[in-house]
Amino acid sequence: MIRRYLHALVVSCGMLLAIPLNQAGATEQSYRDLLDTLRDNGTLDLVQYYDLVDALDETDTSHEETEGGPGLGGRLMVDLAKYNEDEVDLGDGTELRQARLGLEGSFDSAWGYELGVEFADGDADVKDAYISYQGFERARLQIGQFKEPFGLEVLTSSGSITFMERALVSELVPGRHIGVGLATHGKGWSLAGGLFGGAFDDDSDDEGDEAWGLSARVTAAPWRKKRKTLHFGAAVSTRSPDDEREISFDTGPESNLTDVSYLDTDDIDDVDQVDRYGLEAALVLGSWSIQTEYVQAKIERREGMSELEFDGSYVYVSWLMTGESRNYRRQKGSFSGIEPDSDRGAWELALRFSEFDLNDEDVTGGAAEQVTLGLNWYANSSTRFMLNYVRVDNDEDADADGDVSGDDDPEILQFRAQIDF
Amino acid sequence: MIRRYLHALVVSCGMLLAIPLNQAGATEQSYRDLLDTLRDNGTLDLVQYYDLVDALDETDTSHEETEGGPGLGGRLMVDLAKYNEDEVDLGDGTELRQARLGLEGSFDSAWGYELGVEFADGDADVKDAYISYQGFERARLQIGQFKEPFGLEVLTSSGSITFMERALVSELVPGRHIGVGLATHGKGWSLAGGLFGGAFDDDSDDEGDEAWGLSARVTAAPWRKKRKTLHFGAAVSTRSPDDEREISFDTGPESNLTDVSYLDTDDIDDVDQVDRYGLEAALVLGSWSIQTEYVQAKIERREGMSELEFDGSYVYVSWLMTGESRNYRRQKGSFSGIEPDSDRGAWELALRFSEFDLNDEDVTGGAAEQVTLGLNWYANSSTRFMLNYVRVDNDEDADADGDVSGDDDPEILQFRAQIDF
Amino acid sequence: MIRRYLHALVVSCGMLLAIPLNQAGATEQSYRDLLDTLRDNGTLDLVQYYDLVDALDETDTSHEETEGGPGLGGRLMVDLAKYNEDEVDLGDGTELRQARLGLEGSFDSAWGYELGVEFADGDADVKDAYISYQGFERARLQIGQFKEPFGLEVLTSSGSITFMERALVSELVPGRHIGVGLATHGKGWSLAGGLFGGAFDDDSDDEGDEAWGLSARVTAAPWRKKRKTLHFGAAVSTRSPDDEREISFDTGPESNLTDVSYLDTDDIDDVDQVDRYGLEAALVLGSWSIQTEYVQAKIERREGMSELEFDGSYVYVSWLMTGESRNYRRQKGSFSGIEPDSDRGAWELALRFSEFDLNDEDVTGGAAEQVTLGLNWYANSSTRFMLNYVRVDNDEDADADGDVSGDDDPEILQFRAQIDF
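Protein chains in written order, with my numbering: chain A, 5 to 425; chain B, 5 to 425; chain C, 5 to 425.
These are computed hints drawn from the structure, not numbers from a lab. Do not rely on the hints blindly, as some may be mistaken.
One copy or two, either will do: identical chains are not told apart, so a pair holds if it fits within one copy or between any two.
[To be verified] Calculated lysine to aspartate or glutamate pairs in the EDC-like style (CA-CA distance at most 16 Å, straight line):
| hint | residue 1 | residue 2 |
| --- | --- | --- |
| 1 | 86 | 211 |
| 2 | 302 | 250 |
| 3 | 302 | 313 |
| 4 | 86 | 247 |
| 5 | 191 | 141 |
| 6 | 336 | 93 |
| 7 | 230 | 343 |
Using the sequences and the hints given, assemble the complete structure.
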């Protein structure tokens, strides 16, 4: 009879084998528990036990390889905005803020890749698109298009930032270019640097040489505690312009639906070099956090013309009312998204003050201050809903390079539904 | 003690089985049979038995979650058209009618998503792009871009419609916009409604406020029989124009390859409101079916200008010569594709009469009648080949807003190869 | 003994768990070994044994069906180019040379599909997009958009060609169009032919009839030896122009980053027909190979105008320094990529001479000769890095249709990082 049982079990194991498995995380833990139990009650001796554990660990590696196969994902953001206009029309309405598809994976422990494409505006804009080499201990080499290492909020995914849009001053941050970068990290610090050319569409009309730049960022997080993080960061970037030697900065209010760019320097000519400096700090204490950044850009022009200096900053406070804590990624020196503790989701209240000044010397690009009050509901770790109320205070020169009147101070109420998959 | 081992092993096998399955249907049944056998012969007592069955049922739930992971798919349509031209050139040739990629999935029983992108025309046009909430009993909430609930043929996927192109009058149906919708259904009825803004590319040049609209659709299917369906539906939509207060309707013949739009109202100005009404009916009797729709649009203009009224309709008969029956989706009140009964595929013969009138008061957009004879071969449930012969009868005003001569009556022969994956 | 059984079962369960959750090849072999062992030691009788083996074989079939589901992949190429300019600016810089996503699969042994989209230039260009029927023995029918059967280097994937860019003369090869094709092959030969319309974006502005063409290619590979291949091929194509009866040829140097097209015939009018002829040969001897092609295009114009004749050719030698051999795909008569023998990757040195002449009769499109020295490192079968040094020798007429000066002889140094996933 025992043999019958055994036969039945072998058959059932055979059947099990037929099952194409996907994600055995929980099951694996149960299996490890089983092995421990069988060792404890003497069914397995220690040699057998460790053989089985080792086999499991090995398959874990192969499991990682499997996970390294093309991982498909995407993100969707749907926005609604209502403008309480002051002077100019801003255009109430709806939009797909993001509609992204992406693939990432790796072939072995060494070579990996990522390719993300954004479709929301009817075009197909390639976002991250790089090959990575992880074969070094604690260092990672990337070649392709990705974000230059500069800025805390810009290096935080748009799916994980606290407010619907990044602060005004992110216009000064270099962002994505094609290049090569190296990143490393220790227990409480990260360091990244890179050499970059222009963006992938930088070269459409003109056959002059592309712009190129160098940037580097260092972060330190002295505490290694759960729900407590202290973060400091500093970044520098220097960039040579392309053969046309022009540069311009422009940005709308912290709302994407309108196309009005109040702040606009127009083309600045005869540029020799652009240097940028960034300082960051953040403190997480349980469900409370505060984050701040300052960015400055210095534009050297040809002999005889004065240097230009633009800068901006923001500071915000966030309170996760349901008790969660913001997640810090020590290896990258940036934050990832909120994971709700309960099935009812997480609620967050946040307040940001942001200022940006594009006026200097002969350039009157305008200056603005904005205050944003945000309320977020994280239905689960992939789905969130955001409500932002923004007060805009533009100065006289914030006239969209003459297209609208200055000193225009609208209010914005905007809503977002977002899902990451 | 042996029994303890066996029990431990059976439990461990149960855990293994819990591994998220892909298509473990058959295996799972075998495993349930095994559990029954082990209970019957006393190896498992009832407590053990129900523990294992419960565990299995729970993993069934997780099975659904796994299935909810990103499901990748797409569709390809390749067209060939030969025009027997009357007056103007229509341009014989070939085209990729559709080349779509899409992702859909859900995270748990509550939150899901869909994102589809169309590449056939060299751009990347986002189609369905929404977040859905299915946590209610029998109701479904959607936010994002999707089709307004209006029209039987428009709500039937382009991969499942009976002819190569939808009837002319589908130009009056609202189609996809960004908004929020709620759908519910009972045993023999469905009800859907929503509030919508403009389409995702509605806001490119102008900063006026977007258009917005409300629509609702109710369907009833009084019979619950296999191979027999009686469907009735009605829909209303009201839409406020955007700040420019313009609207226009235009459509070519029921053939996509040519760019000639015989019917064209040009811009209609000073629009206050557009109301639409739709009526639908369909009857399936075994392999025969008949389907018909009528749509009317009323355009209110500023005080003193007369109201405009455009309308159109179609009626068609389909005969599945190989004996299959059209599949009705009771929950959505629309039809899905044909599944061939045999390996040799299914054959369908269909005839449609379609008419559309864009002439009213001061607007002479033209009117047309078209007759289409269609022959479809469904090689399998994913692959089909279509041959359509279309006779076009345009009136004098069907002059593409003056670009071509009116009363132009071409014939069209067109072929499509289609695959859904 | 019972304990031994139990131990065997626990081990087998451990193995089961080890299944690399997607591709169970190795595990399945272990399981088959286990079944053999249990049969040999009497635990399983022969009936039980074959039941289990049969069950396993059946699940194998379903496994293959699963593999037929959508296979997702992509390719990324990141380029850097430095031009040692002679006369005109070529524009040093970086670019995403390719960023592709694609899906392919099949439903059963008969029907399959492929859809690939290229995003590198900000648009979404559909590449291969076809439905295939493989139900015939040794023959394959395709309908949709794919490469016309013509040319060895053009029919080799851009991810597998030996140099960063194809030779100049590939401008004369028809490339991708929408049509229907049939391919068959024997032990040492392949034959493919097709009827094609225009490319998918051929019809945007004009409603004249599309161009259409016929092409056919035959290849022979008389040897069936490992690491030794002798390949011959010949192709013909005839194409009628569209209603505008214009054709033009233009190409830049063998570098994609610059937009300068030195060779340019401008529009050639009154075209009646374009006939093309291609000859190919390749010899692989271990890690050495030589490959050459000649392509000629004859353009017949209206009565009274002389026929035009353009042609070009290339020959290259490749040496895989680490001992690998180029892989020939007998069924397609083309080459696939290099698979490194060792973990340290494969190194390849290659030299190409290329010439192309677009001068004939009244057309002075220019002529060029180019020599390319290439060094490739294949880190693994999916990842490679390429360095190309190109010397360009343009003639007086190679003036980009008057936009630049002729006799411009730049040198090019370019680098590529590439990953296929």
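### Message
Within, between, both or neither: how does the pair residue 86, residue 211 come out at a Cα-Cα threshold of 16 Å?
### Response
Intra 43 Å, inter 12 Å, cutoff 16 Å: inter-copy only.
### Query
Given identical chains, is residue 336 near residue 93, meaning Cα to Cα at most 16 Å, within a copy, between copies, both, or neither?
neither (41 Å within a copy, 40 Å between copies)
#### Entry: Intra/inter-copy verdict for residue 86 and residue 247 if alpha-carbon distance must be at most 16 Å
between (42 Å within a copy, 14 Å between copies)
### Task
If the cutoff is 16 Å on CA atoms, where do residue 230 and residue 343 land: within, between, both or neither? Let me know, please.
Only inside one copy: residue 230 and residue 343 sit 14 Å apart there, 46 Å across copies, limit 16 Å.
### Message
With identical chains, the pair residue 302 and residue 250 could be close in the same copy or across copies; at 16 Å between alpha carbons, which is it: within, between, both, or neither?
### Response
For residue 302 and residue 250, only the intra-copy Cα distance (14 Å) is at most 16 Å; the inter-copy one is 47 Å.
### Message
Within a copy, between copies, both or neither: which one fits residue 191 and residue 141 at a CA-CA cutoff of 16 Å?
### Response
within (13 Å within a copy, 49 Å between copies)
### Task
Up to 16 Å between alpha-carbons, please classify residue 302 paired with residue 313: within, between, both or neither.
within (5 Å within a copy, 58 Å between copies)
In summary, the one numbered hint that this structure violates is 6.
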